[in-house]
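Read off the chains here:
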Amino acid sequence: MEIITNVFNFVLNDLGSTVFIPVLMILLGKLFKMKWGEAISSGLLLGVAFAAVSLVSGYMGDIICPLAKDMAGTVGKEFTIVDGGWSVLASVTWTWKFAFIMFPIQILVNFIMLMTKKTDTLNVDLWNVWGKAFVAYLTIQITGQFWCGIVIAVIQMVMELILGDAMRGRVQETTGVEGITIPHRHMLLCSLLYPVDYVIRKAPFLNKELTIDNLKAKMGFLFDKHVFGFVIGFVFGLLAKQPIASCFTIGVKCGCALLLLPKVAGLFMEALNPIAEAASSFMKAKAGGREIYIGLDNPMLLGNSEIWTTVILCIPATLLLAMVLPFNKILPFAALDNLTLAVCCFMITRGNLLRMIILYIIGTPVYLAAATFVGPIISQLGWENGIFEAGQMYASAGMDCPGFTLIFTNLFQFLNGNFIYLGLAAVFVAGYIFTVKQFKKDGEEYFASLK
Amino acid sequence: MKKLIVACNAGVATSNTIAYKVKKLLKEKGHEAQIEAVDITSVERALKDADMYICIIKPDKDYGVPICNGMAFLTGINMDKELQKIIEVLEN
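Taken in order, these protein sequences are the chains called B and D.
The working numbering numbers the first residue of the first sequence as 1 and each following residue consecutively.
The working numbering numbers the first residue of the second sequence as 1 and each following residue consecutively.
Keep in mind that the hints were calculated from the coordinates and are not lab data.
Everything numeric in this text was worked out from a predicted model, so none of it was measured.
We treat Cβ as the ideally placed atom computed from N, Cα and C, and that holds for glycine.
Any given hint might turn out to be false.
[To be verified] Each computed DSS-like pair below joins lysine-lysine, with the alpha-carbon atoms no more than 27 Å apart:
(1) D:K61 <-> B:K35
(2) B:K286 <-> D:K24
(3) B:K263 <-> D:K81
(4) B:K286 <-> D:K58
(5) D:K27 <-> B:K35
(6) B:K286 <-> D:K3
(7) D:K48 <-> B:K284
(8) D:K81 <-> B:K97
(9) B:K218 <-> D:K61
(10) D:K29 <-> B:K69
(11) D:K27 <-> B:K437
(12) B:K30 <-> D:K48
(13) B:K284 <-> D:K81
(14) B:K284 <-> D:K61
(15) B:K35 <-> D:K48
(16) B:K33 <-> D:K27
(17) B:K218 <-> D:K81
(18) D:K24 <-> B:K263
(19) B:K30 <-> B:K202
(20) B:K33 <-> D:K24
[Said to hold, decoys possible] Interface residues of chain D toward chain B, partial, derived using beta-carbon atoms under 8 Å:
(21) V12
(22) Y20
(23) Q34
(24) A50
(25) Y53
(26) A72
(27) N78
(28) M79
(29) L83
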């Protein structure tokens, strides 16, 4: 018995999670009938990905932190959290030892809901289970209870799938692709923004079609990661009152950080692909025989230029909000181009640019508040596992579904007599139910118009 | 070796999923290709020396290379048809 305890202790505590998880990955690979060579390669790649993200986030922190300090005089506050974007959040979440259990839980929840006819959506986007592991981890850290984390993750899965069902009409309308939907957690933000749009769309002057021709074609080069990083870095340099020559150097370094980040995140993807693919094939095979909608991430929406236009136009407003909102501690950088927010605005308004911009600006403080809240908790995980330099905090200013994350990870505080989050959750759920109903109604009208 | 390009938001998640799936399906049929996942804003640059574009979004212009529908590899609908298009490019 003692030997078994010792082995468990060694594996769970002595081996760092950047070793433990690759080993787990190799065993899972064998379970999915990979050859030894392939399984070992994937497992090691995951370990390498952890090392790589540590390298790039450290590099980024070393550039941004001094700037954030020097900026204090100009902007009147000091930012303490570095915005590493979703790639950093995803990477650090995978270092949590229990992150992998979200694969079977997601599959189970989806199947139960399909079998009981509570949903028609089959979510095959299994890479994004990290988003469930993420809320589970936060909840566990806040409550100290493992089961609380699992409950919140399951609530999120259920809400995603039901919203996915409701949105399929809008998804077909905006992408032209049949049989798919987007049950991704970033869409949950619609629960807060759809009711707002429902009110403002009644104002005639907000219903005008504002078209800005080809802003994407003219300004598209700005979205090249290195160009974007350079421009933002240069502006940060100026705000930090650096000499012009240094501003150029800072710009180039920021361009480098933003160009490398997705490459590093790509390593995680490559390592996890065999498992995600096997799981998704398994789900498709088992769910055959009835009409289902395949649930995916959002890239097929990005052909709509309004999304890019909104992001470009709102960048100055986002930076301004980050500076003036007293509660905010994050300096938007890697997620300054908040595509997930723009995607929500697009889905709600069907691409009405004027209302998209209004919703984007209303939504931004929610993202900043959630990032400020999440930063210290998730950074702790990064410090423990040696991913982040000790003391340096990271988060993402474009974190998916910030409202849900902020409210629901704190939900169980009512067990300690704090009922604020329970009340907020009730408001969120009311918004969610309203949004689901509206999307469903819009969808039915759209499908009827096709006949 | 022929080079194929897939693109999504950041060139990380969806594009990599498709690249992996296509590589796996090609291997089963005895074919091999270099499949690169890129972010959507660098498609034009990436396609300069590529042989095919596996699209998630219908392209707004002609890049001078054959295309196929990458969504098929996510949904499984028409997957064989789209795979055949890729194999034709590889065999030419």
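Take a quick look at whether K27 (chain D) and K437 (chain B) sit within 27 Å of each other, Cα to Cα. violated, 45 Å
For the hint on V12 (chain D), does the least C-beta distance to chain B fall short of 8 Å? holds, 5 Å
Quickly compare the C-alpha distance for K33 (chain B) and K24 (chain D) to 27 Å and report which way the hint goes. holds, 14 Å
Are K218 (chain B) and K61 (chain D) close enough, with their CA atoms no more than 27 Å apart? holds, 15 Å
Regarding the pair K284 (chain B) and K81 (chain D), is the alpha-carbon distance no greater than 27 Å? Distance of about 18 Å is within 27 Å: holds.
Taking the least C-beta to C-beta distance, is L83 (chain D) closer than 8 Å to chain B? Hint violated; L83 (chain D) Cβ to chain B Cβ min 15 Å, cut 8 Å.
Given the hinted pair K35 (chain B) and K48 (chain D), is their alpha-carbon gap at most 27 Å? violated, 36 Å
Does the CB of A72 (chain D) sit less than 8 Å away from some CB of chain B? Status violated, d = 10 Å.
Taking the least C-beta to C-beta distance, is A50 (chain D) closer than 8 Å to chain B? violated, 18 Å
Straight-line Cα separation of K29 (chain D) and K69 (chain B) no greater than 27 Å? It is violated: about 57 Å lies between the C-alpha atoms, which goes past 27 Å.
Pair hint K286 (chain B) and K3 (chain D), alpha-carbon separation not exceeding 27 Å: Cα-Cα ~34 Å, so violated.
Assess, step by step, whether the Cα of K24 (chain D) is no farther than 27 Å from the Cα of K263 (chain B), and give holds or violated. holds, 21 Å
Hint violations for this structure: numbers 1, 3, 4, 6, 7, 8, 10, 11, 12, 14, 15, 17, 19, 23, 24, 25, 26, 27, 28, 29, all remaining hints satisfied.
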